[in-house]
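Enquirer: Below, each chain spelled out in residue letters.
There are 2 protein chains.
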Amino acid sequence: MKTVDFYFDYSSTNSYFAAFLLPDICRKHDAIVNWLPIHLASMFRGTGFDVMAMTPRKARYLWRDHQRYAEFTGLPFRKPSRFPIKTSAALRATLMIPGLIGEDPDNYTASKMSDFAQAVMRAYWERDVDISDLAMLGALARSLGLNADTLIAAAGSEEARARLASVTEHAIARGVFGAPMFVVDGEMFWGKDRLEFVERCLVTK
Amino acid sequence: MKTVDFYFDYSSTNSYFAAFLLPDICRKHDAIVNWLPIHLASMFRGTGFDVMAMTPRKARYLWRDHQRYAEFTGLPFRKPSRFPIKTSAALRATLMIPGLIGEDPDNYTASKMSDFAQAVMRAYWERDVDISDLAMLGALARSLGLNADTLIAAAGSEEARARLASVTEHAIARGVFGAPMFVVDGEMFWGKDRLEFVERCLVTK
Numbered sequence: 031m032k033t034v035d036f037y038f039d040y041s042s043t044n045s046y047f048a049a050f051l052l053p054d055i056c057r058k059h060d061a062i063v064n065w066l067p068i069h070l071a072s073m074f075r076g077t078g079f080d081v082m083a084m085t086p087r088k089a090r091y092l093w094r095d096h097q098r099y100a101e102f103t104g105l106p107f108r109k110p111s112r113f114p115i116k117t118s119a120a121l122r123a124t125l126m127i128p129g130l131i132g133e134d135p136d137n138y139t140a141s142k143m144s145d146f147a148q149a150v151m152r153a154y155w156e157r158d159v160d161i162s163d164l165a166m167l168g169a170l171a172r173s174l175g176l177n178a179d180t181l182i183a184a185a186g187s188e189e190a191r192a193r194l195a196s197v198t199e200h201a202i203a204r205g206v207f208g209a210p211m212f213v214v215d216g217e218m219f220w221g222k223d224r225l226e227f228v229e230r231c232l233v234t235k
Numbered sequence: 031m032k033t034v035d036f037y038f039d040y041s042s043t044n045s046y047f048a049a050f051l052l053p054d055i056c057r058k059h060d061a062i063v064n065w066l067p068i069h070l071a072s073m074f075r076g077t078g079f080d081v082m083a084m085t086p087r088k089a090r091y092l093w094r095d096h097q098r099y100a101e102f103t104g105l106p107f108r109k110p111s112r113f114p115i116k117t118s119a120a121l122r123a124t125l126m127i128p129g130l131i132g133e134d135p136d137n138y139t140a141s142k143m144s145d146f147a148q149a150v151m152r153a154y155w156e157r158d159v160d161i162s163d164l165a166m167l168g169a170l171a172r173s174l175g176l177n178a179d180t181l182i183a184a185a186g187s188e189e190a191r192a193r194l195a196s197v198t199e200h201a202i203a204r205g206v207f208g209a210p211m212f213v214v215d216g217e218m219f220w221g222k223d224r225l226e227f228v229e230r231c232l233v234t235k
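Protein sequence lines correspond, in order, to chains A and B. My numbering puts the first sequence at residues 31 to 235. My numbering puts the second sequence at residues 31 to 235.
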């Protein structure tokens, strides 16, 4: 079975779309998604790159483009009122899930992990939930049958911080510079617009 | 017959791909391409945006991605040795072609204009020709049956400068912020990755 490494951050609109489109593609081709939450804000720090720096006409276009993409895919995307948003707590919580449910803590392909990641994406990009709020993250965890208090405590732990730093640093070392990014068969792809190329890798190689 | 406004600059790799893919799509759906050369360097001036500012890992990725896209489309793209390159003379020459061949000078859908635009794209992005060199532009014009000296003189005229400034300023006023961009049925699309959306506009509306 092939694995697709999926680098994402909850703050990335295109990662939201990919979080639903990629698992569908992988399911079709018997492949597995390896969920790799990265902290874009710390990745961009010191590079001089500012994801929010753009002309008003470009910003206007991008929201319109996301709306069209939502219509195209059928995903009920809605522009959130808080944007950008702090995502580090949600990313750390995500990374702690495998260990909390008694699985290998270093295995990021667990289904509960993908369930939680998709739940956070839906909360922020469909229902305008404040995902920087620990209580909100707890409620999402509870809705998936996880212990909210345990998850919130784990998200604040040193281990969670170390995991997020480690995944982000490993991504940078590998060449990742944004999100969503996908690695399959040693090939790296950037953006939801390259999912077709990811799919071709799963079919042909 | 529908018209697709195609904003491009010769310095844009993605415009190169679009310059061949868009006419194919339009032909299939009985639509016309309106070739609108814009000067990206002057469009970006004063916005604080620097198209070349990026981490080495992002730059490396982008060339690899272009190479893959070339394989995907069959277009013989080759990374040019001069990059970026000054394109204003080539853009001005392009805009003067309709008038020089005795057609309406304000009609940018003339076939000689698209022939010349595609010839310049191929020269730069396939054969590493220095398209900032007037002699090279003259040779390309000659190969299309145009008078090279007349075209070079026209490219340097005040009229050519005014045309390039006018198309670029009109584009900005309309919301264009990069290239390639397409406008069809009042909808604006950015990037070769939205050609599928352009095609859907030609089919459904």
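None of these hints come from the bench; they were simulated from the model. Glycine is no exception: its CB is placed at the ideal position from the N, C-alpha and C atoms. Check the hints yourself; a few may be wrong.
To be verified - Using C-beta positions, here's what the derived DEER-type ranges look like: (1) 173(B) / 111(A): 52 to 62 Å; (2) 111(B) / 78(A): 43 to 53 Å; (3) 115(B) / 79(A): 36 to 46 Å; (4) 71(B) / 93(A): 18 to 28 Å.
As the list claims (entries may be wrong) - Capping the alpha-carbon separation at 27 Å, the derived lysine-lysine pairs in DSS-like fashion look like this: (5) 32(B) / 88(A); (6) 58(B) / 116(A); (7) 32(A) / 88(B); (8) 109(A) / 88(A); (9) 58(B) / 88(B); (10) 88(A) / 116(B); (11) 88(A) / 58(B).
Enquirer: Next step is simple, just say for each hint if it's right about the structure.
Expert: Outcome of the hint check:
no.	hint	in the structure
1	173(B) / 111(A): 52 to 62 Å	holds (57 Å)
2	111(B) / 78(A): 43 to 53 Å	violated (26 Å)
3	115(B) / 79(A): 36 to 46 Å	violated (24 Å)
4	71(B) / 93(A): 18 to 28 Å	holds (27 Å)
5	32(B) / 88(A)	holds (25 Å)
6	58(B) / 116(A)	violated (46 Å)
7	32(A) / 88(B)	holds (25 Å)
8	109(A) / 88(A)	holds (16 Å)
9	58(B) / 88(B)	violated (35 Å)
10	88(A) / 116(B)	holds (24 Å)
11	88(A) / 58(B)	violated (30 Å)
Checked against the numbered hints given earlier, this structure breaks hints 2, 3, 6, 9 and 11; the rest are met.
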